[in-house]
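**Q** Residue strings, one per chain:
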Amino acid sequence: MSGAEKINAKVSNIIKLNDLVTRFEFERTDGQLFPTFSGGAHTVIELKDGDLTRRNPYSLMSDPMDQDGYSISVRRDDEGRGGSLFLHNNIKIGDDVVLSHPVNLFSLDLRAKKHLMIAGGIGITPFLAQIKQLDRSHGNWELHYSVRNQSLGTYVNDLMAMHPNDVNIYYDDEKNFIDIVNLLDGQPLGTHLYICGPKGMIDWVVNEASKLGWPNETIHYEEFLAPKPGKPFQVKLSASNKVVNVGENESLLEAIEREGVDAPYLCRGGACGQCETSVIEADGEFIHRDHWLEDDDKSSGKKIMPCVSRFDGKTLVLDR
Amino acid sequence: MSTFVFPESIKSRPTYGKLQNKFGKAYLFIADAEGAEAIIELASKDPALMQKAHVVYIPKDTGDQFLKDLNNLNINQLYIGPSYSAAQSRIIQAFEQASMGLQVCLSGTEGLIGQALRDAMAAGIPHTSIQTEHRGSVSRRMQCVHCKGITEDVISDPFVCSHCGLNLFVRDHYSRRLAAFQGVCIDAEDPGNIPDSVELYK
Amino acid sequence: MTIQFKDETFRDDYTFKNSEWAVKRFPFPFHEDSYMYSVNMEQHKGGPEGSIYEKRFDVDEHYISEMRDRSEVLKDDPLRCQSLPHMTLAGWDLLELIMISKSEDYPDLFELHRNGNNWRWINKPMQIDHSFTFLDDATLPYGPMEYITRQTQGDFVILDQRESNLWMDAGMVTTQADWSLDFDIGMNFFEWHAPVPKAHEMGIFTRALKFLLNIQQGAPARRLNWTMTVNPLLDTSPENYHKWGVQKGTLNPKNIGEKQYLRVELQTFFRLPRSNALVFPIRCYLASFDDLMTVPKWGRRLHRVIRDLPEELATYKGFIDNRPMMLDYLSQYDDGKPTSDGIWPDLQTEPARD
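Protein chains in written order, with this note's numbering: chain A, 2 to 321; chain B, -13 to 188; chain C, 851 to 1204.
Hints may be right or wrong, so weigh each one.
Unchecked claim - For lysine to any residue, the following SDA-like pairs were computed, each having C-alpha atoms within a straight-line distance of at most 20 angstroms: (1) C:K1093 to B:R(-1); (2) B:K(-3) to C:F855; (3) B:K134 to C:L934; (4) C:K1048 to B:G135; (5) A:K114 to B:I172; (6) B:K(-3) to C:P1045; (7) C:K1167 to B:A109; (8) B:K11 to A:D180; (9) B:K38 to A:D110; (10) B:K(-3) to C:M1052.
Unchecked claim - Sample of chain A residues facing chain C (criterion: CB under 7 angstroms; computed from the structure): (11) G32; (12) Q33; (13) H102.
Just so you know, the hints here were simulated from the structure itself, not pulled from any lab data. Bear in mind the structure is a predicted one, so any value in this text is a computation, not a measurement. Idealized CB from N, CA, C, for every residue including glycine.
Full structure from sequences and hints, please.
**A** What follows is the structure, given as structure tokens:
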């Protein structure tokens, strides 16, 4: 079996937070306790959509020490491949789901003398769990959270009520932006910087921090990378001797799994490296979208990360 | 010339580069002996850098050989002290008062680089972001794995632990936390059988 | 079976002895007639009944005496147990993992009663009955890692995961194969393995690290490693090498069967949930050559492995000088017959010795 260990669960509650974001809460069907986890961890949720098995990663946002339930908050993406739409439109209280054990690719550096968190939009979710973790250990943290407007300020009220001195909110529509240069300048030695949000925000903050001389080792970010739809293409799986058609709205990894071929994975978001697959033959262009492969790996045409990357061309043969 | 090319060794053994100007509002240089040359070379390429620099320099046996050149660099804050331990409290204070983005540049002997790196790490600076350049003596700071005592400036192998008196051989295994190489009893299996001591890298 | 705990020593008069039960379940580390490094990892999810793989943390007849030896080592040198400040949460993770595993796997020996964060831990073999508050350091006599590893066989190293590497930032190390926690603490995976010959060039550590970084909660892994020790000395530390190194010279053809020990480490790896650290228990098992020769397959195989081992490895493992004497002894037990695959004794199916 691929991926992390699985937990059978059911939807125990669905709470609409605003026009775009809904929280889904889960409890175990076997009556046992959930494993604890570390702030920043995600779970891969497995959903049956007709013949299709959807597997989507979401940050766990509940209290890491709370073993009675897990929660995720999902932003509806009207332009994606329908994973978040499916959750929003089709999932009901009581539905069965399969969750993976938590996997953390965005963990806190517990040596930090201070944790400086920068969130944009739905990028707030991993920080919610990290803040709960740090509160238990009396950690030193500070959050700067940028949202589109008051009505889309997911969890703004909760955060402000509980941590009025550590949370700073910025509203785009009020032309109220994070003053990143002044914020980063003067932070004490030993501060670690965490960023989660849209790609543009991550690039901006990382770039400014680097220009101020922040070491790479102190800059941590998690980019929400969902597989993007793309032109259908065909792939031949050499080891299992199968030809698979990858549809417009499924990833290469999902198409491989649909054909019953067991392929390794963990994050399904181009970050962990687990699904790295060797290319045996290719005549066409790779559309590499992952953060894992080095540039020379990408240009070599010898490797692909099937969770997020695609192909456009005549022939693709993979060692799978 | 005060540079030495260390032969390739095991992965715990530190390696050194060349000091460079990088992004950063403030610079802290810590150097001993011929390590001054690395600062002087960098300043000759980029004199303006010295106006945001704090330099802690320990001449050791080079005496006043580099002092005039250093004094001519227009360094914002220059301290010249007799030993690392004499300078240590002001070094630690400099870290406490610094903010993220401080560039740390260490040059000179392995013992000086190691101790300053250890104190910088304790202040929260990742060791991989600290610039180092070896200059001068190839002597080592050694920890006796048996009594834990540190012997400074070891230049021959084997050597006698200055604390417990055991005859130790010089390993390349290195601890950043202790800022020392490991010394291990050379005649443990055959007491009294101690080979002649030879100078390191000769 | 009920374990009969022994009263024995691992120093001075060396009264340590394996029962027949312990010899038959000894983790013989060679699955074929030769040895070279490999990333020989497998899932740690039980094993044959009674084998050392069956439980998450194996308890055997040497438990009480090993714990007494550990406490002696720590009195002499408290630096054998250290935890960098950011590793306390991982220490609690480890305490929780061991207490839950042992109370579930050995309910007749260990009990854990939990009411929220109010925990009561009962360790019957060591006569401990202790109530404390989970995650409150002040309610334990030692830090959480030290507290639980003073009650658990094997060395423990806790690895922090950062920057796509593993950092040895805490440990309890008193039964080690000649490496120093005090020296190595704070090093990354490649640095603390730096002294191992050949394996870096073979890419072993790069592959092993990749595997370990991806170990997930609920999916522990394991492997075996081995070396040689003269006398059943658990604490073969560099710190005391000037005291025990001389024992290597006391071997002679008459005493080698009882004095020369094969030292095997069962290494396991568990992801810790709250800290995202990885714990690396290193459990040491000792068996004398005489013990091992009671299994014909092991006698044949050990001779062939030691005979054909590359010189660098025999030097690194510290027995190059004694290898000829070992081979004189072992060759008597190798009649040239083929051996079956795998590490198990296969007493029923393997031929008796000629």
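**Q** Compare the structure with each hint and give your call.
**A** Hint-by-hint comparison with the structure:
Only pairs whose Cα atoms come within 20 angstroms are accepted, and C:K1093 paired with B:R(-1) is rejected, the gap being roughly 27 angstroms. Restraint check for B:K(-3) and C:F855: the C-alpha separation of about 43 angstroms exceeds 20 angstroms, so the hint is violated. Taken as a hint, the B:K134 and C:L934 pair is honoured in the structure, with Cα atoms around 18 angstroms apart against an allowance of 20 angstroms. With a C-alpha separation of about 31 angstroms, the suggested pairing of C:K1048 with B:G135 is violated against the 20 angstroms cut-off.
For the given pair, A:K114 sits about 42 angstroms from B:I172 by alpha-carbon distance, which is inconsistent with the 20 angstroms threshold. Between B:K(-3) and C:P1045, the direct Cα distance comes to roughly 8 angstroms. Compliance with the 20 angstroms bound is thereby established for this hinted pair. With a CA separation close to 38 angstroms, the supplied pair C:K1167 and B:A109 exceeds the 20 angstroms bound. A distance of roughly 18 angstroms separates the Cα atoms of B:K11 and A:D180; the hinted pair therefore holds under the 20 angstroms criterion.
Restraint check for B:K38 and A:D110: not satisfied, since their Cα atoms lie roughly 30 angstroms apart, outside the 20 angstroms limit. Annotation: proposed proximity of B:K(-3) to C:M1052 holds, straight-line Cα distance about 14 angstroms (limit 20 angstroms). Annotation: interface hint on A:G32 violated; nearest CB of chain C at approximately 16 angstroms, more than 7 angstroms. Hint status for A:Q33: violated, given a least beta-carbon distance of 12 angstroms to chain C, over 7 angstroms.
Annotation: interface hint on A:H102 holds; nearest CB of chain C at approximately 4 angstroms, less than 7 angstroms.
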